[in-house]
Amino acid sequence: MTALLRTLWQIIWGQPESKVETSPVQPESLAAPGLFELEPDDPLFDFLQHTSGTVELDRLNLDSPALRALCAAGVKLVAPLVSQGELIGLLNLGKRLSKQDYSNYDHKLLENLAAQAAPAVRVAQLIQQQQREAQAHERLEQELRIARLIQQTLLPKEIPHLPGWEVASFYQPARAVGGDFYDFLLFPDGLVGFIVGDVTDKGVPAALVMATTRSLLRAAAERLIFPGQVLERANELLHADIPPKMFVTCLYALLDPATGRLRYANAGHDLPYRRRPDGVDELRATGMPLGLMPGMRYEEKETVLAPGETVLLYSDGLVEAHNPRREMFGFSRLRTLVAEHVGGPALIDFLMTQLAEFTGPTWEQEDDVTMVLVQHCLPQAVELPASDQHQSWRNLVEFSLASILGNEREAMRQVGQAVQMLSIPDSLLDRLKTAVAEATMNAIEHGNKNQPDLPVVIQVQASPTAIRVRITDQGGGQSIPEPEAPNLEAKLAGLQTPRGWGLFLIKNLTDEMRVISNHTHHTVELTLYLEGEKNGSQTS
Amino acid sequence: MAAKHPEVKLRYQADIAIIDLQGEINASADEILKPAYVEAVATNPKAVLLNMTDVEYITSTGMAILVELLAQAYQANRPLAACGLSSHYQEVFQIIRMTDYMQIFADEASALSKL
Chain G
1 MTALLRTLWQ IIWGQPESKV ETSPVQPESL AAPGLFELEP DDPLFDFLQH TSGTVELDRL
61 NLDSPALRAL CAAGVKLVAP LVSQGELIGL LNLGKRLSKQ DYSNYDHKLL ENLAAQAAPA
121 VRVAQLIQQQ QREAQAHERL EQELRIARLI QQTLLPKEIP HLPGWEVASF YQPARAVGGD
181 FYDFLLFPDG LVGFIVGDVT DKGVPAALVM ATTRSLLRAA AERLIFPGQV LERANELLHA
241 DIPPKMFVTC LYALLDPATG RLRYANAGHD LPYRRRPDGV DELRATGMPL GLMPGMRYEE
301 KETVLAPGET VLLYSDGLVE AHNPRREMFG FSRLRTLVAE HVGGPALIDF LMTQLAEFTG
361 PTWEQEDDVT MVLVQHCLPQ AVELPASDQH QSWRNLVEFS LASILGNERE AMRQVGQAVQ
421 MLSIPDSLLD RLKTAVAEAT MNAIEHGNKN QPDLPVVIQV QASPTAIRVR ITDQGGGQSI
481 PEPEAPNLEA KLAGLQTPRG WGLFLIKNLT DEMRVISNHT HHTVELTLYL EGEKNGSQTS
Chain U
1001 MAAKHPEVKL RYQADIAIID LQGEINASAD EILKPAYVEA VATNPKAVLL NMTDVEYITS
1061 TGMAILVELL AQAYQANRPL AACGLSSHYQ EVFQIIRMTD YMQIFADEAS ALSKL
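Here the protein sequences line up with chains G and U, keeping their order.
Start counting the first sequence at 1; every next residue gets the next number (the numbering used here).
Start counting the second sequence at 1001; every next residue gets the next number (the numbering used here).
No wet-lab data here; the hints were simulated from the structure.
Every residue gets a Cβ at the ideal spot worked out from N, C-alpha and C, and that includes glycine.
One or more of the hints may lead you astray.
[Unchecked claim] Derived list of chain U stretches under chain G, where covered just means 3 residues or more per stretch with a C-beta under 8 Å from a C-beta of chain G:
{"hint": "1", "stretch": "1066 to 1080"}
{"hint": "2", "stretch": "1097 to 1108"}
[What the hints assert, rightly or not] Coverage of chain G stretches by chain U, computed from C-beta distances (three or more under 8 Å per stretch; other residues unrestricted):
{"hint": "3", "stretch": "430 to 444"}
{"hint": "4", "stretch": "494 to 508"}
Use the sequences and the hints to build the structure in full.
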């Protein structure tokens, strides 16, 4: 019995789902024994799992490394600890101190003890396992907290406020925290830099590389003007320090808010989409991701963002999101959605709603989702008199056109398309289109002086009883001479120039024409009533 | 969308000069339509007929060029007529009262029978 009590403490908790750890007996010493592992593929494991009662090892005839090891360690008697049919440990006993064999009573006592100890041992094992898992989980959570902290500390706290522009951003980290980042750089000359990037890998390593890249880009952008050079410099410095197999995709765009000029370069990042009134295009520039190879060159492109245009920068977490059928959200879907929306900051909410619908409620976000949006706002039409506001007008379309003669045809087309749903008579539609074309030509020639960079902005609205079109040019602050009323007889007699019909036609083709000016813009507002009032009344 | 040049073709039917116009009548009609008119009247036709069946679009500048032709015809006491105008451009011609000084016909056949 003494031997039994002495050896009880020597049970070492095993791994129930795999091998069993036990300890050989050291009969002459109470010193802690070394661990003994019983592998699941050892014949002894199977034997002990399916045997009942105690086992005298001397009587076993098995080709078992574990059996040999136990015998060599002086173990004579083994009581398997079995819980719910699973071998979870062994009670190992050496020789009795009396040198006598174990009695039947001893065997019985040991069996009872093993039967009672096994559930308790199992509970203890489970508790220990849970503690280990909790510790591992806590370590992981701690890492994620650090990664999130690094990222969130370094993401911009404020959105740049640029007159005539809307800027918006969105960042939703995945649980594992990917390496997305974005940044806004404000320069003393009024230029604004936009950066969106994505570090390979996740967690703390990605966050640290993100922090480094952000600093390198900021430093490079302060010294260098051209986005291609900024990426080139950042690549050189990052390549020297970045851990193996890590790299950073990144897009850097530099905007001049005064002119809408946008210069950009791309280090392997997803191509931004630009939403225009007539569709969507990609802002394409080529270049390798940062940190992969030294000596890289980055193509630099330039464009002008016209009023009404929106540019969307984003990360692959958006396009690579999967639905439950493992289909990807994809570039094609994103491009279609960007084209469908009217643009502006609301585009971000729209895309997130569409993404949620696509992925479904059970979505586990695989990667960070980041979006940065830049919109060149349409010029605000001049404030209208209060008396005009009682009508409930709804916007049908707003678009802008470059000041190039011939674009009035595009104005006619888009206005015609916008009012199509109102099913107005053809005669009314033709009057509207011709009046819009004439007003647009005036805006191009006289308001914007045929300068292609200056946009003509056209807004089409409808109320239950009328259609209203506003044509705005950038020619505010100048006096508009009242043209001489055209007189056909005078023209036929050569006493008046044959020209000068534009305004006359506009006034006679529409029910109301108003001119509204402020110091920057000049708006011609045309109204046609849908019934009665004046339609065709001036044509006789 | 750049402005398109109109296309102009001159032909004669008996003693009527017919100028077939096609496409857009805009500012660029100035250098195409005016020479065509000069050429048309060189043979001293009884009348000049502008066939506008294939005209898609007339700007106010295009209207001014037509007014110039009408002024030349008016001063030379030569009838200038038009045919094939869409109902919308017939309305525009009425608004600027071109119809007071030139006859508008539905099509070429009716124009030739009445001029």
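The hints, checked one at a time:
Against chain G, the stretch 1066 to 1080 of chain U contributes 6 residues with a C-beta closer than 8 Å to a partner C-beta. That satisfies the three-residue criterion, and the hint holds. Residue count for the stretch 1097 to 1108 of chain U with a Cβ under 8 Å from a Cβ of chain G: 4. That meets the three needed, and the coverage hint holds. Here the stretch 430 to 444 of chain G counts 6 residues with a CB under 8 Å from a CB of chain U, which clears the bar of 3, and the coverage holds. Counting residues of the stretch 494 to 508 of chain G whose beta-carbon sits less than 8 Å from any beta-carbon of chain U gives 10, enough to reach three: the coverage restraint holds.
Checked against the numbered hints listed earlier, the structure breaks none of them; every hint is satisfied.
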